[in-house]
Amino acid sequence: MSIVQALLLGLLGGIGIWDSRVGGMWMIDRPLVLGPLVGLILGDFTTGIVVGGSLELIMMGVVGIGSATPPDTVSGTILATAFAIVSKLDVSAAVALALPIASLGQVVGILVRTANGFFIHMADKAAEEADFGGIDRALWGGAFLFFIAYFLLVFLGAYLGSSVISAFVKMIPKFVTNGLNAASGMLPALGIAILMQLLFDKKNAAFFFIGWALTALLSVNTVGTAVIGTAIAYTIYQYTISNRKNNVAVAVETDELSDDLGGEL
Amino acid sequence: MENKEVNTQDTVMTPDVYKKTFWRTFPLQACFCFERMQNVGFAYMMVPALKKLYTDKKDISDALKRHLAIFNTTPAVVSFIAGASIAMEEKFKKAKDNGEEVDEESINAVKTALMGPLAGIGDSFFWGTFRIIGAGIGTSLAAKGSILGAILFLLIYNIPHLLVRYYGLKMGYKSGVGFLASMNEGGVVAVLTEVAKVLGLLVVGSMCASMVSISTPFVFHLNGTKIVLQEIFDGIIKGFLPLGFTFVVYALLEKGMKSTTLLWGILILGIVCSFFGIL
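In order, the protein sequences belong to chains A and B. Residue numbers for the first sequence follow our numbering, beginning at 1 and rising by one. Residue numbers for the second sequence follow our numbering, beginning at 1 and rising by one.
Since the hints were made in silico from the structure, they are not lab data. Hints are not guaranteed to be accurate.
Stated by the list, open to error - Output of the computed footprint for chain A on chain B, the stretches with three or more beta carbons under 8 Å from beta carbons of chain A:
1. 45-56
2. 81-95
3. 142-152
4. 156-164
5. 258-268
As the list claims (entries may be wrong) - Chain A side only, calculated, beta carbon under 8 Å to chain B, not exhaustive:
6. G53
7. A96
8. S163
Ideal placement from N, C-alpha and C gives every residue a C-beta, glycine not left out.
Given these sequences and hints, build the entire structure.
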């Protein structure tokens, strides 16, 4: 990998982290989008797309909900895809590489999110002095810190790492590669389980199984399921809303009934 | 009623302020810090309106401090809270100018009250629904090497994202807190969240079937007959292993196991099973 390519990958790292910092989350930081961009920089667009898609499945559950810092999809995706292209690794090896890198990126993320305390206090001071410009400077200070941290992480990783990684990958025994391959088929289950924690409860459990059955037993693809899902969701919405109106009407007439009808959605 | 009042008097939300505030809703997390999370981003967003509203140094200082309080919500829906906050700032300023007693700190109380429920709707729609549908469609196309996957993913997520971000500011300002409160009262918020979950779950269930793949090459001999384990699983129900495995992972997560632990656990499981020829 040339130094120019490593620099470009570093820039992509900075842009990737800026998606959720400065951009307001356009999903440019997801493997599905970063993968092809890495492919473009390294001259193998198709591999970038395929590796990015596989990484997306594994990192699907890795999202920054609330205040927690998740494993870093940006550095993990860019470096793993780059190594996969440069060292001609197969997808499963790329996946196995992405995870430790994403954990390292997570540590960097935690450091930056702690160091930004400096800019928060700068903003406090600006507020004290009624200085609007000071707020702007504090915000962009934090943004700069994010950019530079991920630029350096990805640039150094790409520049120094590729030869080390290729040598290392050649030493891996066959059963480990096979095992990683098997694991990369199982890992999407983790992403799905994390999403289930957000969505799944006793009340709506059936819909998970309907979605599963549509695809597993009837071979309906994701687009088809989304269309059917939208229709079901719309119907439920209409029925619940009109039910609620009726319930309110009933509750006014007979107070006793309202206990049985109200409450549960 | 509220609308009329805003329209007949001078409004702080001129097209210019609206445009500036809209652009300033994007870098909400640029200075994210564990201490107060998105607070600098929120204050940054309020700057154009506060600049227009206040001239007194003490007022500016108080307002900025107010908006530097801890804040955290789903980025895509923040413009709604920005709009509502600007409406409240304006209302309080006018009341104060008329010599009325006002408690500006209640603005923060309202912000805090809004950010939780909005993050709830925002997370289930943007993270749990649009992103999942987009990723589901996108990854299946990407597996075939098509760039359309990434493009469709971005479109499916960002069209609702930008619409909500742009019109959220308008809705937040015009109807302010009253709107969400009335929606909450009618239970519409709860219904919408629930409906988003239903749609998300259907797609997640479908992805469980299409994207988790486990099969075993394990073969054993019983009284001289060759038994292929995978055929037994397929005989029970197609895709049984992936579904069962997903539920095991889900149960472990529910028990409080960390996702990072599980991630490494699955990798090790894969390697160990491969060593013994089970997977």
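Can you tell me if the stretch 258-268 of chain B counts as covered by chain A, using C-beta to C-beta distances under 8 Å and a minimum of three residues?
holds (count 7)
With a cut-off of 8 Å on the beta carbons, see whether A:G53 makes it to chain B. Holds, about 3 Å.
The hint names A:A96 as touching chain B; please verify it with the least Cβ-Cβ distance against 8 Å. 7 Å, holds
Report holds or violated for chain A covering the stretch 156-164 of chain B, Cβ cut-off 8 Å, minimum 3 residues. Answer holds; 3 residues pass the 8 Å Cβ test.
Restraint satisfaction for A:S163 [CB to CB of chain B, less than 8 Å]: Violated. Min distance 24 Å.
Exercise for review: Please count how many residues of the stretch 142-152 of chain B have a CB within 8 Å of a CB from chain A and say whether that reaches 3.
Suggested key: Result for this restraint: holds, n = 7.
Checklist entry - Residue count check for the stretch 45-56 of chain B against chain A: does it reach three with CB-CB under 8 Å? => result holds (count 3)
### Query
Counting residues of the stretch 81-95 of chain B with a beta carbon closer than 8 Å to any beta carbon of chain A, are there 3 or more?
It is violated: at least three residues are needed, and the stretch 81-95 of chain B offers just 0 whose Cβ sits closer than 8 Å to chain A.
The structure is inconsistent with the numbered hints 2 and 8, although it conforms to all the rest.
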